[in-house]
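With the hints as your guide, set chains B, C and D onto chain A.
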Amino acid sequence: MNDVIGLAPWLVGFPLIGAAILLLGGKATDRWGHWLGVLASAASAVVGFILMSRMIGQVPEERAIDHHLWTWLSAGGLDVDLGLRLDPLSMTFVMLVTFVGTLIHVYSVAYMDHDPHRRRFFGYLNLFVAAMLTLVLADSYLLLFVGWEGVGLASYLLIGFWDTGRPSARENAVAAKKAFVMNRIGDMGLIAAMALMFSAVGSVSFADVLPAAAGDGAEGISPAIATAIGLCLLLAACGKSAQFPLQAWLGDAMAGPTPVSALIHAATMVTAGVYLMVRSGPILEAAPTAQLVVVIVGAVTLLFGAVVGTAKDDIKKALAASTMSQIGYMMLAAGLGPAGYAFAIFHLLTHGFFKAGLFLGAGSVMHAMGDQTDMRRFGGLSRFLPITWITMGLGWLAILGIPPFSGFWSKDGIIEAAFMPVEGQPWRAWVFGSVAVLGAAITAFYMTRLFFMTFGGRRPRWTENQHPHEGSPLMWWPLVFLGVGSAALGAVLGIGGTFTTWLEPVVGHAEHHEPVLPVPVIITTTLVVVVLGALIAFRMYAVQLVPEEAPRGSVLTRAARRDLYQDAANETLVMKPAFGVARLVQVGDRDVVDRGWSVLPQAVSWFGAVFRRAQSGYVRSYAAGMAGGVLVIAVVAWLVVGLGGAQ
Amino acid sequence: MTEFVAPEIDWLALAPLIVVLGAGVVGVLVEAFVPAKARRVTQIVLTLAALAGGFGFIAVLWPQIVAQPVQVVGGSVTLTPFALGAQGIIAVLAFLGVLVVADRTSTGQDSFAPTASAVPGTSYEDLARRSGLEQTEIYPLLLFAAGGMMLFASTDDLIVMFIALEVLSLPLYVLCATARRRRLLSQEAAAKYFLLGAFASALFIFGVALIYGFAGTVRLIGTPDKPGVIGVIQSGTAPLAGMSVLLVAGVLLVTVGLLFKVGAVPFHAWTPDVYTGAPTPITGFMAACTKVAAVAALVEVLYRISIGVQAVDPEIMRQLQIVIVVVAVLTMAVGTVIGSVQTDVKRLLAYSSIAHAGFLLVGVAGFNPQVQSSTLFYLLAYGIATIGAFGVVTLVRERRITPGSGEDNGPVGDDGVVLGEATEIAQWAGLGRKAPWLTGAFALFLLSMAGIPLTAGFIAKFGAFSGAVSGGLWWLAVLGVLASVVAVAFYLRLLVVMVFQRAQDEPETSQVEPVETGGSTTGGGSTSEGATATLTKTQVTTAQRVVVTVVRSRGPAAVAIAVCAIATVILGVFPSPVLDLVEQASKFVP
Amino acid sequence: MFPWLTVLIAWPLVGAAVVGLGALGRSRTGPASAGMGLARPLALLFSLVEVVLLVGAFAAFDTSAAGDHQLGSIYPWIPQIGASYAVGVNGVGLLLVALSVLLVPLVLLAAWQEQGRDEVRLRKFVALVLLLEAFMVAVFSARDVFLFYVLFEAMLIPAYFLIGGFGQGAGRRRAAVKFLMFSLGGGLIMLAAVIALYFLAVGAGVDPSQAFLVRELIEVDLGTAAERLMFLGFFIAFAIKAPMVPVHSWLPDVAGNATPGTSTLLICVLDKVGTFGMLTLCLPLFPEASRWAAPFVIALAVISVLYGAIMAIMQTDLLRLVGWTSVSHFGFIILGIFTFTPLGTAGSSFMMLNHGLATGALFLTAGFLVSRHPEKSQKIAAYSGLRSVTPVLAGTFLVAGLATLSLPGLATFVSEIMVLVGAFGGAPTGSAAWAIAAIPGVVLAAVYVLLTYQKIFTGAPAAGLDALPDLRVRERIVAAPLVAGLLVLGLVPGLALTYVNEPADRTATFLTVDEPADAAAQMGSDK
Amino acid sequence: MDITNYVVLAAVLFAIGATTVLLRRNAIVVFMGVELMLNATNLAFVTFARMHGDVTGQVLAFFVMVVAAAEVVVGLAIIVTIFRTRRSASVDDVNLLKG
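Residue numbers (my numbering), protein chains in the order written: chain A, 1 to 647; chain B, 1 to 590; chain C, 1 to 527; chain D, 1 to 99.
Please keep in mind that the hints were generated in silico from the structure rather than gathered at the bench.
Heads up, a few of these hints could be off.
[Stated by the list, open to error] Chain A regions said to be covered by chain B (calculated; three or more residues, Cβ under 8 Å):
{"no.": "1", "stretch": "60-68"}
{"no.": "2", "stretch": "428-441"}
{"no.": "3", "stretch": "602-608"}
[To be verified] With a straight-line Cα cutoff of 30 Å, these simulated DSBU-like cross-link-like pairs (lysine-lysine) come out:
{"no.": "4", "chain 1": "C", "residue 1": "Lys455", "chain 2": "A", "residue 2": "Lys576"}
{"no.": "5", "chain 1": "C", "residue 1": "Lys455", "chain 2": "C", "residue 2": "Lys379"}
{"no.": "6", "chain 1": "B", "residue 1": "Lys587", "chain 2": "B", "residue 2": "Lys226"}
{"no.": "7", "chain 1": "C", "residue 1": "Lys379", "chain 2": "A", "residue 2": "Lys576"}
{"no.": "8", "chain 1": "C", "residue 1": "Lys376", "chain 2": "A", "residue 2": "Lys27"}
{"no.": "9", "chain 1": "C", "residue 1": "Lys455", "chain 2": "A", "residue 2": "Lys27"}
{"no.": "10", "chain 1": "C", "residue 1": "Lys376", "chain 2": "C", "residue 2": "Lys455"}
From a predicted model like this one, the values you see are computed outputs, not experimental measurements.
Even glycine gets a Cβ: it sits at the ideal position worked out from N, Cα and C.
Bound-form chain A, shown alone:
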């Protein structure tokens, strides 16, 4: 595939050029700018498709290619090339990003039709695509970091897209800032990890670090260092993927336009943490402790998100909680070693489709309902929005993991992997397996709740003057594509382990173990609890009437509604102490440091004012001063010399 490798930089190049033109071009590009954005993304998708098809044609061992562009940075022993790594893992992402991305671009043309700043929106979207592709194609952690922060920037810009001129403008801006800052907290981990890698291996490129981590020779990374690197990378992943304890930004990020939520905060960017974990597999494998922490974080987050999802009435926030929970699954899988990697990525892929579909569906609903997001004000929409209803239904079934929809194939793999025994720690399989199953049940509950609160119900609970109708074809064609993906992608790639095999050159071959329970038992149990959860939700939200005002609810409901008090906890545990420290520093700077320096001139003035009194104006006192001076100097000279001489 060396003949087409030269195209690889254009994967990033097209959307980057698109972004540059759109953002620098000014009003001149207003009329056609959005189509340029779509074109750039589509061009990138085409390039991705060409490369992908050529890669499939290669034998598995030759599928990984490092494409060197130029020496980026070379100083003091740190040599980083600006290079792209094309392998099955990155190409999987390229396909996901460019394909889903292009669909969402198209969707946005219609969705943002009335926005005066549509051009800028497409500029940001292009920027995002470019950054995301940089992230997944990077051949070193440093370049990955460029993409990593690039997507953070795009996310920041898009969450805050409506940061002026609306009543909620300030909240949107705050949400954007919150996302960026929490991501930065995670980024500290990536920086520290790179520092550790450089000091241990002398390089931060995948080609050097990963083999060194895998190898156990003298050149290798010691387990302690590997653990430290692994935990640092996990911190980064937690920030980017909204994993516990850095999950708080994702819900607020829904302030951005819905296509943004679909693309960035569901399908692609937030899963970058999973990508990072899988990419760094050898490091994690060298650090079992870090792996365990990854699994725990995944498990906690999957339950956390699921619980939060059950109580949210805002359709986007419910989906956001769901995203968090699903990424928890992926993270859990990523912590399970080679057995889980493939399923983590597989779930990431299917999730990318069905969650993007769900979000775009939600966007379609909002579009129809005048930007209403409260599900308690929906209901009975299936008749008015049939396409949205069907495509979201496909996504619903997929996320529930009902066979044969795509979610089943990937999520079931993760649950099975979670039940794999770990040597010496028999409790792990049971605990994490159970959590995964429990999560599936709750997922079924909240997604069913969401689906039926929106489309089901005997009577609509709309506000005044609502005339819901489907949007333009530009909006529903992407829904259809994603719906098809939600339905079929899992089966296409899952049956026969196609996808697992495809990734094997990258993530390594998993030793086959038997789960602690027989596989059919796991599948059956999972399906049973899922159906159970769905039925409960159906009974509560489809059969019974949904009140327009949220009932007070149980303690747990109230907690879940407030995201399990995550913001309050952050406020109390982090923000307040931090602000206290900042106040302390501020007061200290003013009253101690600055005043301390100003004491010097004051002291001089004070002494000056005191001693100038000696200049009394009386001749006799001057003469006395002279005479006294003679005596004192004589005495001092004698004393000092006398004492000195006595030694």
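For chains B, C and D alone, kept in the frame of chain A given last:
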């Protein structure tokens, strides 16, 4: 009876002194024989010519003295390169100082009272002023003072030094009392200077007596056939060799006498008062030239004695050094700290002069022969900045505006009567707008005094601190550095007022006392309301106001200021040629 | 060999003299007379010709020997005290010279309408700027400690007048005095060390007439105690200049009261003398003492990073805020210098350049913003919702802000990561821990930049601000090169690293190798 | 009689003179104190000359006398001028300059 042998006298070596002092004598004759109208011009020409001629002789002598120092009449005048260098600097500075003295400015008046002996505020004084009397005696007095200073710096004989001290001091006492305005202050300055100066002289001469008692001679080096103090100490042939207490006390008292002239703490108290009260051109002359002479003499005495005693009794040497160090530290501290709270420009410059005495002593305290060259350079740099700065002060005046009044005393301009100098710092606000060039020059002098690089003051300070470090007193250099920081602060304050602040030229009734310092005596002899305390406050007219103005120089002062400014920059940027010269000056241990 | 540096130093001096001619005449605002209105164009012309000369200097510079000091000349200046006029730059010096030369025309252009119409005042202003330029170029080229010291102090004077005479804050005089007192205080302490250095060098057998040449001094073994004392003397002066906590107090006042253009020159270029001095004087001249002090210095540097960032977050005045961010960034620069690793040192050298571009862009953009406010308010709270009113200004501000928070892809990121990674493997004990402790600085940076952006540019436009004009062409011309530079150097940092790598290698080798003879010869080599 | 007694006398006289300067208010008396100090010095010179057996000291005493005379001229002139202006010869009254 031995036959009288006429002493062999190297007249050329004495020529600079003879020219200057001789011109002073001629000046006295001029007062007697030249008609009143031509007197002033004659005196000025004579004075400048004498100083220039003196400098010319110094230049001629230079190569010869650098090759071989000369002792005239057994050392009564001892011309080492260092002494000759000091003489040259004094001649140059005196020349510039006289230029400032001679300037009558656009007001047509010089800074001196027409009859200094007249009682302020009397009709006699009024009459003298109306008849346009001028006191041209100041020029011979200046020449005598300058000649005394030159001699002071170049003698080996303590008695000659004493006489030189008086020759330089007595004219200065008189000159201090001759201010045209604020005459009470002027007279007070003279009285204080005189009383304290006489006291210090007495201490000095008693010290000489004690040294004579110890060594039987008052020459320090002496001649080969008649060894001086150093010689008898080293050879142990002092008549009272056992009573070294005489020597120590004597040297101490002599040093005190010299430190008084230097203006070092605790013998500094006269400095601020005298500098403030004296006529400003005289202050400039005195501050610059006296400092040169006194420091040069101090260096010679101390270094000569230190050579002598070091060999015999290092203890005494240490005592001397400790004295100088203590004095240096005190001087820097007092000069800078009290200077930082001053509100009067002249007084501020006076404290600055004290601080500089401290910095000079820091260098001197190193007791390293190399220091002599840096000391000379310091004196030159300090001197030109000082004369320039006081020259600027003479041009910044108060102007009283009395609409409709027919004031007939002093030239009436379009907008009022020019009074005395505006020396309150607050009055200098906005000077940068009124007179940018003058302010620029003054700022330059301040920066030089502050020791900012690319001005002469920096090279000078560098040399002084180098002296301390080379003598092992690095901590003293650090103290000096700290004192410099404080000093910088007060120069800066003045700079801020001049350059950044706006003038407060709003109409101001004369109910507000125009000047704080000696407010009751302002106006001096130039205005009819007189200067006595009982009279000033009676003049209250609501429409009168006092503004600050800059009078134009008639030439000489402008030349002096310009020369000083240019020299300050040149010595700061390309000091090499001058450093070469002063380096030659330290070739011989004094 | 053509004396490029001397020409680069002399040309702005000529400009200052030509433009400043007549500036000392009486102020008048009256009708136009001959030569009126020429001050700014003339000064701009001079500064642009200087840029052309800079291009020549770059062409003549041999990058394959970037560690050698090139383009220079040596003449005896004051042989009596060992001072020479010795100039020469290695790669680092050349970059800083370039930074000075490039920023001056931008600052002149940015300040085009700042100082009113009074021609005399304008002449003074531009003359001072050109004078400052000459001093800055000279100080980065000085290869003689005495010359360096002289310039180090002398350039305070034009800076002082620029702050006190042409500032825009009410407290400008106080700020100017504070600036000068801090700087001179540090400088005079350094003077004591400079003098001591001379005597030790002469005592060690260096030719007294050349005893201040860096290349001579490097070879002198000063003895442990003396070396440490002298290190302190130099370091305190540089730390004040840099500025480093706790001797930073002058900086926020200056930033808040000077014009943004002055702040740019002052903080983005002139203050680099502090870190440049640490790199090119403290380390090579006092290697043992540097190693001795490094743990302490690193700790202070990291404290500066966090302290400056926290204080920036707490500011209510936009320009003071930008000033505080510099405290934080200088902390990073110092951290890198004292790691004694090639990576950290190269990172710091590169960061000196980048900080100049990024903070310069931020200062100037903030200045554009403030100049639009009807009351010229610098209070962040006086602004709101301006993104919809002045989108280009908002975008420029954001890019400058992102550069300040070291967004990957921009040059600042490369240097910051180099410093952090280098510091993690730094030679001094505890540097790894301090490097980790500095990392939260990146989070705080995000907070202060984005919080400010949020307050000024988002939400509903404040009353009276809804019709502000967007960036004018002149202002765009000012911002564009800075932003472009940050982007290009972010993607191809090799353009600059070529110049800093070899000097950094030499410095690190010199400081970490036991037998420093060869390394010393390399450090001091002048071509 | 021991010749050193003269030296002691000279020192005592010198101290008395100095004390006069420090304690008395009248400018004329203060000045007389200075004169006393000078004359004490003369006594010391002459005594030492006698002790050393050379005439230098005696010659020096003449110089001092001359100088003292010159000082009187200038000093009295200044003091008288001030007296005429202020109608007071007290040194404590001249203190406009201070601080």
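Status of each hint after checking the structure:
With a threshold of 8 Å between beta carbons, the proposed coverage of the stretch 60-68 of chain A by chain B is violated, since 0 of its residues qualify and at least three are required. Restraint check on the stretch 428-441 of chain A versus chain B: 0 residues with Cβ-Cβ distances below 8 Å, three needed, restraint violated. Taking a C-beta to C-beta cut-off of 8 Å, the stretch 602-608 of chain A contributes 4 residues in contact with chain B, enough for the three needed, and the coverage statement holds. With a CA separation close to 20 Å, the supplied pair Lys455/C and Lys576/A stays within the 30 Å bound.
Restraint check for Lys455/C and Lys379/C: satisfied, since their Cα atoms lie roughly 11 Å apart, inside the 30 Å limit. Our distance criterion of 30 Å between C-alpha atoms is met by Lys587/B and Lys226/B, whose separation comes to about 24 Å. For a cut-off of 30 Å, the pair hint linking Lys379/C to Lys576/A stands: about 24 Å separates their Cα positions. At roughly 29 Å between alpha-carbon atoms, Lys376/C and Lys27/A fall within 30 Å of each other, so this suggested pair holds.
Proposed proximity of Lys455/C and Lys27/A is supported: the alpha carbons are some 25 Å apart, at most 30 Å. Distance check on the hinted pair: Lys376/C and Lys455/C sit about 17 Å apart at the alpha-carbon level, within 30 Å; holds.
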